[in-house]
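Novice: Sequence:
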Amino acid sequence: MLVREGRADALREARDEMKWTWAGAVLVGMLTGCGTSREAFRPNPNDDDPLVGSVKVVRAPLKDRCEQHGRSSVRGPCDEARYLATEYTRRLSVGDEVCLEDGYGEPPGPVCKARAVVIDTAPDQVKLEVRSTKPDSRWFQAEMRHAWYEEGALVDLYLEEQGY
Numbered sequence: 001m002l003v004r005e006g007r008a009d010a011l012r013e014a015r016d017e018m019k020w021t022w023a024g025a026v027l028v029g030m031l032t033g034c035g036t037s038r039e040a041f042r043p044n045p046n047d048d049d050p051l052v053g054s055v056k057v058v059r060a061p062l063k064d065r066c067e068q069h070g071r072s073s074v075r076g077p078c079d080e081a082r083y084l085a086t087e088y089t090r091r092l093s094v095g096d097e098v099c100l101e102d103g104y105g106e107p108p109g110p111v112c113k114a115r116a117v118v119i120d121t122a123p124d125q126v127k128l129e130v131r132s133t134k135p136d137s138r139w140f141q142a143e144m145r146h147a148w149y150e151e152g153a154l155v156d157l158y159l160e161e162q163g164y
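Quick note on our numbering: the sequence shown kicks off at 1 and runs consecutively.
Errors might be hidden in some of the hints.
Said to hold, decoys possible - Restricting the straight-line Cα-Cα distance to at most 27 Å, the calculated cross-link-like pairs of lysine-lysine (DSS-like) are:
id, residue 1, residue 2
1, 127, 63
2, 113, 56
3, 56, 134
4, 134, 113
5, 127, 113
6, 127, 56
As the list claims (entries may be wrong) - For each label pair, taking beta carbons as the anchor points, the in silico distance ranges come out as:
id, residue 1, residue 2, range
7, 20, 58, 54 to 60 Å
8, 134, 22, 56 to 62 Å
9, 70, 111, 29 to 35 Å
10, 141, 73, 36 to 42 Å
11, 60, 22, 53 to 59 Å
12, 141, 74, 29 to 35 Å
13, 72, 144, 39 to 45 Å
14, 67, 124, 18 to 24 Å
15, 141, 61, 18 to 24 Å
What the hints contain is simulated information worked out from the structure, not anything from laboratory work.
Note that beta-carbon positions come from the ideal geometry of N, C-alpha and C, so glycine has one too.
Please model the complete structure; the sequences and the hints are all you need to start from.
Specialist: Structural data, given as structure tokens:
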């Protein structure tokens, strides 16, 4: 009997020691977690996470720019510009360089204020990464960011640049 009681005491002591070991490990883990910066837990805005949906989607405007001209003489050239922009946008593929400011629809040249690259495509959408911008560009704060652009949003961008 004495041997059995001695074994039970040893098991209880081992169990108590194990509890304190786990409690210490949890405490150390919590303290090391407190030392990390908030930046370590911020989501990457370029990650495609379907649950979080952190990648921005730029939607097409609800109203077409050419419709506002009604039956005026500007409507014809506007429709033609919309057709050209739509064709250009639909032909974009992964790896293509795009000028987002001062030259959408043309190869990026020295006048281009914001350059982007197509990194993915989907039906009616193009995913762009803004690669380089000039300081006076409206895209300056979006450098190295990803966003999905609906076809109509890029067409509207072209029409806006053309003055429609």
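Novice: If a hint holds in the structure, say so; if it doesn't, say that too.
Specialist: Here's how the hints hold up against the structure:
1. 127 - 63: 22 Å, holds
2. 113 - 56: The given pair, whose Cα atoms are some 21 Å apart, holds under the 27 Å limit.
3. 56 - 134: 22 Å, holds
4. 134 - 113: It holds: about 5 Å lies between the C-alpha atoms, which stays within 27 Å.
5. 127 - 113: Holds, because 19 Å separates the two Cα atoms, which is no more than 27 Å.
6. 127 - 56: Given that 27 Å is the threshold and the Cα spacing comes to 10 Å, the pair holds.
7. 20 - 58: 54 to 60 Å: Distance hint for residue 20, residue 58 holds at roughly 56 Å.
8. 134 - 22: 56 to 62 Å: Given range 56 to 62 Å: holds, Cβ gap about 57 Å.
9. 70 - 111: 29 to 35 Å: At 32 Å between Cβs, range holds.
10. 141 - 73: 36 to 42 Å: For residue 73 against residue 141, whose Cβ atoms are near 38 Å apart, the range 36 to 42 Å holds.
11. 60 - 22: 53 to 59 Å: Between residue 60 and residue 22, where Cβ atoms are some 56 Å apart, the hint holds.
12. 141 - 74: 29 to 35 Å: 33 Å, holds
13. 72 - 144: 39 to 45 Å: Since residue 72 and residue 144 have Cβ atoms about 41 Å apart, the given range 39 to 45 Å holds.
14. 67 - 124: 18 to 24 Å: Given range 18 to 24 Å: holds, Cβ gap about 19 Å.
15. 141 - 61: 18 to 24 Å: Given about 22 Å between the Cβ atoms, the range holds.
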